[in-house]
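2 protein chains.
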Amino acid sequence: MAVGSGELGELFPVSGFRIGVGSAGIKRPGRLDLVVMEIAPGSSVAAVFTRNAFCAAPVQLARQHLAGSEPRYLLINTGNANAGTGAPGLQNAVHCCEQLAALAGVDATQVLPFSTGVIGEPLPVDKIVNALPEVLADKREDNWRRAAEGIMTTDTRPKATSRRLELGGTTVTITGISKGAGMIKPNMATMLGYIATDAAVTTEVLQQMVRRAADCSFNRITIDGDTSTNDACVLVATGHAPHDRIDSERHPLYAPLYEAVEAVFIELAQAIIRDGEGATKFVSVAVTGGREERECVQVGYAVAESPLVKTALFASDPNWGRILAAIGRAGVESLDVNAVDVSINGVLIAERGGRSPGYTEEQGAAAMAPEEITIAIDLGRGDAAATIWTTDLSHDYVTINAEYRT
Amino acid sequence: MAVGSGELGELFPVSGFRIGVGSAGIKRPGRLDLVVMEIAPGSSVAAVFTRNAFCAAPVQLARQHLAGSEPRYLLINTGNANAGTGAPGLQNAVHCCEQLAALAGVDATQVLPFSTGVIGEPLPVDKIVNALPEVLADKREDNWRRAAEGIMTTDTRPKATSRRLELGGTTVTITGISKGAGMIKPNMATMLGYIATDAAVTTEVLQQMVRRAADCSFNRITIDGDTSTNDACVLVATGHAPHDRIDSERHPLYAPLYEAVEAVFIELAQAIIRDGEGATKFVSVAVTGGREERECVQVGYAVAESPLVKTALFASDPNWGRILAAIGRAGVESLDVNAVDVSINGVLIAERGGRSPGYTEEQGAAAMAPEEITIAIDLGRGDAAATIWTTDLSHDYVTINAEYRT
Numbered sequence: 000m001a002v003g004s005g006e007l008g009e010l011f012p013v014s015g016f017r018i019g020v021g022s023a024g025i026k027r028p029g030r031l032d033l034v035v036m037e038i039a040p041g042s043s044v045a046a047v048f049t050r051n052a053f054c055a056a057p058v059q060l061a062r063q064h065l066a067g068s069e070p071r072y073l074l075i076n077t078g079n080a081n082a083g084t085g086a087p088g089l090q091n092a093v094h095c096c097e098q099l100a101a102l103a104g105v106d107a108t109q110v111l112p113f114s115t116g117v118i119g120e121p122l123p124v125d126k127i128v129n130a131l132p133e134v135l136a137d138k139r140e141d142n143w144r145r146a147a148e149g150i151m152t153t154d155t156r157p158k159a160t161s162r163r164l165e166l167g168g169t170t171v172t173i174t175g176i177s178k179g180a181g182m183i184k185p186n187m188a189t190m191l192g193y194i195a196t197d198a199a200v201t202t203e204v205l206q207q208m209v210r211r212a213a214d215c216s217f218n219r220i221t222i223d224g225d226t227s228t229n230d231a232c233v234l235v236a237t238g239h240a241p242h243d244r245i246d247s248e249r250h251p252l253y254a255p256l257y258e259a260v261e262a263v264f265i266e267l268a269q270a271i272i273r274d275g276e277g278a279t280k281f282v283s284v285a286v287t288g289g290r291e292e293r294e295c296v297q298v299g300y301a302v303a304e305s306p307l308v309k310t311a312l313f314a315s316d317p318n319w320g321r322i323l324a325a326i327g328r329a330g331v332e333s334l335d336v337n338a339v340d341v342s343i344n345g346v347l348i349a350e351r352g353g354r355s356p357g358y359t360e361e362q363g364a365a366a367m368a369p370e371e372i373t374i375a376i377d378l379g380r381g382d383a384a385a386t387i388w389t390t391d392l393s394h395d396y397v398t399i400n401a402e403y404r405t
Numbered sequence: 000m001a002v003g004s005g006e007l008g009e010l011f012p013v014s015g016f017r018i019g020v021g022s023a024g025i026k027r028p029g030r031l032d033l034v035v036m037e038i039a040p041g042s043s044v045a046a047v048f049t050r051n052a053f054c055a056a057p058v059q060l061a062r063q064h065l066a067g068s069e070p071r072y073l074l075i076n077t078g079n080a081n082a083g084t085g086a087p088g089l090q091n092a093v094h095c096c097e098q099l100a101a102l103a104g105v106d107a108t109q110v111l112p113f114s115t116g117v118i119g120e121p122l123p124v125d126k127i128v129n130a131l132p133e134v135l136a137d138k139r140e141d142n143w144r145r146a147a148e149g150i151m152t153t154d155t156r157p158k159a160t161s162r163r164l165e166l167g168g169t170t171v172t173i174t175g176i177s178k179g180a181g182m183i184k185p186n187m188a189t190m191l192g193y194i195a196t197d198a199a200v201t202t203e204v205l206q207q208m209v210r211r212a213a214d215c216s217f218n219r220i221t222i223d224g225d226t227s228t229n230d231a232c233v234l235v236a237t238g239h240a241p242h243d244r245i246d247s248e249r250h251p252l253y254a255p256l257y258e259a260v261e262a263v264f265i266e267l268a269q270a271i272i273r274d275g276e277g278a279t280k281f282v283s284v285a286v287t288g289g290r291e292e293r294e295c296v297q298v299g300y301a302v303a304e305s306p307l308v309k310t311a312l313f314a315s316d317p318n319w320g321r322i323l324a325a326i327g328r329a330g331v332e333s334l335d336v337n338a339v340d341v342s343i344n345g346v347l348i349a350e351r352g353g354r355s356p357g358y359t360e361e362q363g364a365a366a367m368a369p370e371e372i373t374i375a376i377d378l379g380r381g382d383a384a385a386t387i388w389t390t391d392l393s394h395d396y397v398t399i400n401a402e403y404r405t
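In order, the protein sequences belong to chains D and E.
Using numbering that gives the first Met the number 0, the final residue of the first sequence is 405, and nothing's skipped along the way.
Using numbering that gives the first Met the number 0, the final residue of the second sequence is 405, and nothing's skipped along the way.
Some clues are possibly wrong.
Copies of the same chain look alike in the list, so a pair counts if it fits in one copy or across any two.
[To be verified] Here are the simulated DMTMM-like pairs of lysine to aspartate or glutamate, each with C-alpha atoms no more than 25 Å apart in a straight line:
hint : residue 1 : residue 2
1    : Lys-26    : Glu-361
2    : Lys-26    : Asp-125
3    : Lys-126   : Glu-360
4    : Lys-26    : Glu-360
5    : Lys-138   : Glu-350
6    : Lys-26    : Glu-133
7    : Lys-126   : Asp-214
8    : Lys-126   : Glu-37
9    : Lys-138   : Glu-37
10   : Lys-138   : Glu-292
11   : Lys-126   : Asp-243
12   : Lys-138   : Asp-106
13   : Lys-26    : Asp-395
14   : Lys-138   : Asp-246
Honestly, the hints are just simulated from the structure, not real lab data.
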């Protein structure tokens, strides 16, 4: 039901970033379903949100609060997405922000709300408000692991990663968590991702950084092609590390910090795929040889979202014909099929648009056997590249999604 | 495994159009897998083909022959798609056309070849050539039913329809067959469709007619979003009916003939969906209130191809949140979600972007129970409309596609 061990390494605390976790009993009593993240004054906060036109009330409000004030709290509930809930849904989100703000002594616009779970049910505001004092009392810097558990819905395991790097003569920490297992084709964001660092970065640079990192991580994964109404990804920089503040992309500390941030984003995004609903394979569709990145992404998604390719992956069947057919319908302008090569885990199965002469079914079966599969596609028409990560399509995917919510 | 009875009505012969059916033993001995259709001299022939860049060798050749000569024979084999087979595949297709042409006393360019089945295996030319004399000897006008069986692959039942109409003082017949159950998202054509009429129509008008009818039938269905490499749809008019030849869209007989042709196309396209791999539901996604037809088609496909919507349909779960989420990510410019209504089989479940106030889960469950489901979506921003037909996503879909070919 999930690929790989999912073992979490050590999660280093981030100075200036405290987390409280608790249970509001939104869907089930006793389940961790409410998380508050406290951001020290003077931090920079940046975020990207879903592009789904049906975006949820909390997404609308978080966008608005982020644009207008200095955020001090992130308020996250699971079990209810507060999406498709109209004007009352927006009022409910506002009310939760106000209650947290009153308890914490900040302005309501300094709270960014996030919800995930069932679409279209009224948010149980009272349960959330009643649990806030307990959650606030729980705040501490070494609470990342429980936070990762606290934002899970159909996830089978928490997703978190952490790393430290030397930056400007000091040690900087980046720690992040994510959640998501279905309705996954983020567009400028993931289901939910929260990443904090004690590095010092201006808000403008941080915003550029979150976009750039999301574009090559959360925006390169797909489980079912369904973009959520609630996707959001937040990057916080508390500035507690005593190095020069990074105020531009040309700052000498920008590149090493960005590289580490991107690695964290990619690891969190891949963790969502490894825990994809019903996943038995972790699949990288690595497209090279495109004229531009956009067409590599197009081909990657066409292959990654093809139900025929995905069921063949589930069956460990090296059905290269289905891969070629998906490439062919990806909509790439004047694609020369006779220049396309396809390898699976290093075995060249299709060459110049047809079966590779040296290829045997036995090789293909061996290449398809592992849990981790790389489908490498060379379009043979340029130097651009892009990789999309996805899962197979299994019976468990159907079971999970036919039974959830009924 | 299929929706509805699938009972075929009477299939009227079309004067000037004879069909031979036989078994070449391509995949299994004894299975009907080879069909030859003989077109009387002086007939008009028009066709549309897949837009997949990886189109099969027979598609390339059929396109070329159709453009350059007066077709007299259609040669169709199942069990092997002759796709992804490179230059040898093209030679094999040419060779089959030459052999049929020699036996029939026509030019090889007057034969249009069609193949369907496994991608990437060499076409067993000898088996096909050896069976040709038997198939030619079998030619007769009342052979439509066996032809419908002869072009099946993963289909569970033959697909055919027939109708007669009074036209210009005489009776005209239209009869057609189709096949397809997977890799179904035709683009300007279906998997395979053959429709013949004894009406008299010029080639130019017939070509316009096949495009127009395919656009609102075969190009409005999707099972898995995967466009085949071999899609083709052929419309033949033998002209044996003694009415005025239809030589323009303004001809008084054009409209009544077109209407009947379109009805045949829609019935054949819907038959493919009813027999969709693993289908337990026949689903019409009827989108209205769009600014233009294109955006209605976009929304229709986004909903029809959403794995989350499809698994909810399989579970008979009125999960309108998933429908709204799919509409929201369809990419419609500046969509106002607060103007969108959604009904299922006449029950208004979402109104102005949220749950309909009068709606109860019991109503939703009752609306989702039947085999035939209409999801009506009103975008509330214009007068354009389009309907997409699709299936649910069931365990059997996964089983069929994980086991096929392995």
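Consistency of the hints with the structure:
1. In this assembly of identical chains, the alpha carbons of Lys-26 and Glu-361 lie at most 25 Å apart only when taken from different copies (21 Å versus 48 Å within one copy).
2. For the identical chains of this complex, Lys-26 and Asp-125 are intra-copy neighbours only, at 13 Å inside a copy versus 65 Å across copies, given an alpha-carbon limit of 25 Å.
3. Proximity of Lys-126 and Glu-360 under a CA criterion of 25 Å is satisfied inter-copy only: 23 Å between copies versus 57 Å inside one chain copy.
4. When the C-alpha separation of Lys-26 and Glu-360 is checked against a cutoff of 25 Å, the pair qualifies only between copies, where the shortest distance is 18 Å, while the shortest distance within a copy is 49 Å.
5. In this assembly of identical chains, the alpha carbons of Lys-138 and Glu-350 never lie at most 25 Å apart, being 57 Å within a copy and 41 Å across copies at closest.
6. In this homomeric assembly, Lys-26 and Glu-133 come within 25 Å of each other (Cα to Cα) only inside a single copy, at 18 Å, whereas the closest approach across copies is 68 Å.
7. Taking identical chains as interchangeable, the C-alpha atoms of Lys-126 and Asp-214 are never at most 25 Å apart, the minima being 36 Å within one chain and 52 Å between chains.
8. Taking the shortest Cα distances, Lys-126 and Glu-37 sit within 25 Å of each other inside one copy (20 Å), while across copies they are farther apart (74 Å).
9. For the identical chains of this complex, Lys-138 and Glu-37 are intra-copy neighbours only, at 8 Å inside a copy versus 80 Å across copies, given an alpha-carbon limit of 25 Å.
10. Taking identical chains as interchangeable, the C-alpha atoms of Lys-138 and Glu-292 are never at most 25 Å apart, the minima being 43 Å within one chain and 53 Å between chains.
11. Taking CA atoms no more than 25 Å apart as the test, Lys-126 paired with Asp-243 passes in neither setting, with 44 Å inside one copy and 77 Å between copies.
12. Taking identical chains as interchangeable, the C-alpha atoms of Lys-138 and Asp-106 lie at most 25 Å apart only when both belong to the same chain, with a minimum of 19 Å there against 84 Å between chains.
13. For a Cα distance limit of 25 Å, the shortest separation of Lys-26 from Asp-395 inside one copy, 22 Å, qualifies, whereas the shortest one across copies, 31 Å, does not.
14. Taking CA atoms no more than 25 Å apart as the test, Lys-138 paired with Asp-246 passes in neither setting, with 30 Å inside one copy and 80 Å between copies.
The structure fails to meet hints 5, 7, 10, 11 and 14 from the earlier list, while all remaining hints are met.
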